[in-house]
Amino acid sequence: AQTVTQSQPEMSVQEAETVTLSCTYDTSESDYYLFWYKQPPSRQMILVIRQEAYKQQNATENRFSVNFQKAAKSFSLKISDSQLGDAAMYFCAYRSPTWGETSGSRLTFGEGTQLTVNP
Amino acid sequence: NAGVTQTPKFQVLKTGQSMTLQCAQDMNHEYMSWYRQDPGMGLRLIHYSVGAGITDQGEVPNGYNVSRSTTEDFPLRLLSAAPSQTSVYFCASSFGGTGNTIYFGEGSWLTVV
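Residue numbers (the working numbering), protein chains in the order written: chain P, 1 to 119; chain Y, 1 to 113.
Since the hints were made in silico from the structure, they are not lab data. Here a beta-carbon is modelled for each residue, glycine too, at the ideal position from N, C-alpha and C. The reader is advised that the hints may include incorrect statements.
Across the chosen pairs, the derived CB separations fall in these ranges [what the hints assert, rightly or not]:
(1) S12/P x G96/Y: 33 to 43 Å
(2) K9/Y x S7/P: 24 to 34 Å
(3) P83/Y x T5/P: 27 to 37 Å
(4) S80/Y x S12/P: 36 to 46 Å
(5) G96/Y x Q14/P: 37 to 47 Å
Among chain P residues calculated to face chain Y with C-beta under 8 Å, some are [unchecked claim]:
(6) V48
(7) K55
(8) N58
(9) E61
Please put together the full structure from these sequences, using the hints given.
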């Protein structure tokens, strides 16, 4: 079974600065998908960024980018020019490539990192 | 754009009561699932469905039942509520295929006293 670990329960950053959230995972599969979700106090789950394991290039979405190290099984999220609205819980998630009745390709989540943005 | 709709948003139950959390999506997604989120933890999969008439257990299925009679709806039934089922519940859906984005509902806060 796959596992996802976020070793930083809490992080803080000054507004306009850069912060990196860490995520490691364990899998025996060679192809899979990785995601970062943001959960503000409203509890809504918002997709921030996704990465396909077969792609060498790191995904980027505006101020959000990832550092995907497949051999090390590491998937960190970098937030540049941090804004007050970035304050939230961030979850790293893994999705298996296996699809069908026995799998359904579930998401496996890490424990989350609570990000505080200081003005 | 309704997306994934969950009802109710808040519910208080007494131990031993039963109830159903409703989930509906209007995106014609084959895949639907239910997760629970406990304090200090990520979401954990309860049950999922890859299409109408097909359901299976996830990581924490005990105490819950599901059915999928239509593509749009995927209700979660609590058979006999226990305080350990106090949690926030999320319904999610996506198109088939693992590369597709999973969309989440806004969550249902359930307290069992």
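Legend entry - Index of numbered hints that the structure contradicts, given in increasing order: As far as the earlier hints go, 6, 7, 8 and 9 are violated by this structure, in ascending order.
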